[in-house]
Amino acid sequence: MPVAFLGQPLRRDVLHGAVVYERDALRQGSASSKSRAEVSGSTRKIRRQKGSGAARLGDRTSPMLRGGGRAHGPKPRDFATQLPRKAYLLALRIALSHLYNEGSLTCIGESMELPAHRTQIAFNFLNDHGFAAGKTPLGGRTLFVTAARRLNLNRAISNLGYLCESVVIDELLIHELLKYKRVLIEHKALEQLELSTRIG
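Quick note: the sequence shown uses the working numbering, first residue 30, plus one each step.
Hints are all accurate, no fakes.
BS3-like mimics (lysine-lysine), calculated; alpha carbons at most 25 Å apart, straight line:
#	residue 1	residue 2
1	LYS164	LYS208
2	LYS115	LYS208
3	LYS63	LYS104
4	LYS74	LYS63
5	LYS217	LYS115
6	LYS210	LYS164
Source of the hints: derived by calculation from the structure; they are not laboratory data. Just so we're clear, the structure is a prediction, and the values are computed from it rather than from any experiment.
All chains, please: the whole structure from these sequences, using the hints.
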């Protein structure tokens, strides 16, 4: 594996751009409200324009009235932003390099699949390796990054979200990667990341 892969200098600007790009893509953009043209109600003028001593007022769909339409309300939209592919791949390399330099990235030479899908096995593993003290994470939560879906591992830690989580490299996001103080990654997964993030 090339030495430069985990030797990228920290670039906060590149990481920020990648995190914003990911978070924007995750936004649903489904918020919607009715304007005065869309709410149900009579279009008759509520009171005459002058002479009542009160403020002038139109129909009951006015945004000023309860039950009226909303002025400049949200409508369904796409929040996704653009980011050059090379910039995103560089950000992923920078994130992995930062974790490596901080001593937070550990490469596991073999598959991290568990012999059974019992929560107790995963719980004992975390405690035996000093990653947790009972139900309290030590030094932050742990992220398992696997090359393929590990069914036993996923089921075993499904009740341990307060201690750890797992993700397949195909679903790995930079902002999720940076949340964890400890990342355990399979060697095969790291090799695949090195190949997929080559720039040039």
